[in-house]
Amino acid sequence: MYTQELDVRGADSPATADPGVLEQHFLARVDAEQKIEPKEWMPARYRSMLIRQISQHAHSEIVGMLPEGNWITRAPTLRRKAILIAKVQDEAGHGAYLYSAAETLGVSRDQLIDQLLSGKAKYSSIFNYPTTTWADVGAIGWLVDGAAIMNQIPLCRCSYGPYARAMVRICREESFHQRQGFDLMLHLARGTAEQKAMAQDALNRWWWPALMMFGPPDASSTHSGESQRWKIKRISNDELRQKFVDFTVPQAKFLGLTLPDPLLRWNETRQRHEFGPIDWNEFEQVLKGNGPCNAERLAARRAAHAAGAWVRDAASAHAEKQRLRAARQAA
Amino acid sequence: MDDSRHWPLYEVFVRARGGLDHKHVGSLHAADERMAIEHARDLYTRRQEGVSIWVVPSKAITASDPGETESLFEPARDKIYRHPTFYDIPDEVKTL
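Residue numbers (the working numbering), protein chains in the order written: chain E, 1 to 331; chain V, 1 to 96.
Hints listed in this document are in silico derivations from the structure and should not be mistaken for laboratory results.
Take these hints with a grain of salt, some might be off.
Quick list of the computed label-pair ranges, beta carbon to beta carbon [claimed, not checked]:
| # | chain 1 | residue 1 | chain 2 | residue 2 | range |
| --- | --- | --- | --- | --- | --- |
| 1 | V | Ser64 | E | Asn290 | 46 to 52 Å |
| 2 | E | Arg47 | V | Arg41 | 30 to 36 Å |
| 3 | E | Ala303 | V | Pro57 | 30 to 36 Å |
| 4 | E | Arg302 | V | His24 | 32 to 38 Å |
| 5 | V | Gly18 | E | Ala44 | 45 to 51 Å |
| 6 | E | Asp110 | V | Tyr81 | 32 to 38 Å |
| 7 | V | Pro84 | E | Val21 | 36 to 42 Å |
Predicted model, so just to flag it, every value in this text is computed and none were measured.
Quick reminder that beta carbons are idealized off the backbone N, C-alpha and C, glycines included.
With the hints as constraints, model all of the structure from the sequences given.
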């Protein structure tokens with residue numbers, strides 16, 4: 001993804017130019033819907049905002065493997081197990097694409113991983129909820145990946161080239177995630193009374209956290225102004241959330257399941273659904289690290305990283321041995 | 001100390017089908033070229049996106065300077081006579 005390690009000749013030339021002129025040039029390019037590429041001049045705030053957003057996004061993909069990975073060994077059929085493994089593998093891939101995109105902005109992979117493992121970095125609050133039944137795998141695919149797609153499609157057009165390209169790839173794969181989730185829910189909803197109850201229970205627990213995934217209401221969103229000016233974020237949190245509700249209500253109806261919101265109703269004049277208030281206090285608490293699974297998720301990531309150290313070391317030792325052998329043969 | 005911290009970055013190029021060019025798809029870290037190919041397969045061809053992979057150490061690529069985009073590429077803009085459509089050929093003249 002055209003990274004920092006890539007050698008550019010004469011890359012110091014733009015730094016000598018007037019920053020005001022450079023910023024004007026940058027904004028003109030953004031306004032003209034041109035993509036900004038790694039080695040071009042960009043405002044320091046643009047760079048830091050992108051590093052924050054892309055790395056949080058990458059961490060979310062990595063941590064997002066945990067709630068579902070929990071069910072791989074207990075999938076009810078071989079077919080469902082193969083699907084779930086493929087989905088979890090995709091999440092790892094999405095994390096890798098995004099880490100690469102973040103690295104183009106001058107941050108190293110090691111720094112990013114350290115930030116995640118030390119607990120300093122944030123990731124999507126949704127992954128701090130437990131997956132207590134098999135139906136949760138369906139609810140996550142349908143609702144959580146559905147909400148993620150809603151968030152991510154506008155990002156395919158974001159002004160930063162490497163991020164936009166990573167998002168195109170991710171969105172293509174994300175669609176499979178949402179469909180397999182809906183398919184799973186559909187099978188449960190059409191199954192025995194117990195299976196349908198299990199699906200309803202999962203929907204009850206995941207609905208509100210899924211709505212929180214779009215972030216705080218527009219009125220209290222701190223980063224939105226600059227982000228929209230720079231065409232990183234193109235559609236507001238509330239607008240995306242509304243669209244998600246409008247898309248999901250008929251899907252729930254098709255499943256024969258009830259969304260856990262007594263205030264949910266269709267507004268004929270606005271041609272949109274009205275829905276009840278979101279518990280932002282819960283959102284803040286989960287974000288601060290007090291969600292049901294925050295500690296468990298981080299502990300699992302740290303344990304996996306530590307347990308994999310010998311594999312990484314062995315690969316490094318092997319590569320070094322091969323290099324030395326090749327050097328000796330050449331001599 | 002974790003040795004993977006020194007793993008270099010590779011740029012990955014994939015040939016989608018026989019007969020097409022290899023196209024840049026992204027990058028990854030690996031201990032060596034062989035691991036880079038194996039990771040590239042897992043990362044960029046999970047859905048039959050390719051029949052051949054190239055990996056190149058990112059450091060080995062020299063790129064043009066974005067600051068010189070104009071001086072490098074502008075000179076071609078006014079040379080429209082380099083395109084076949086620049087020339088009006090009478091209708092009677094065939095196979096040209």
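Which numbered hints does this structure break?
6
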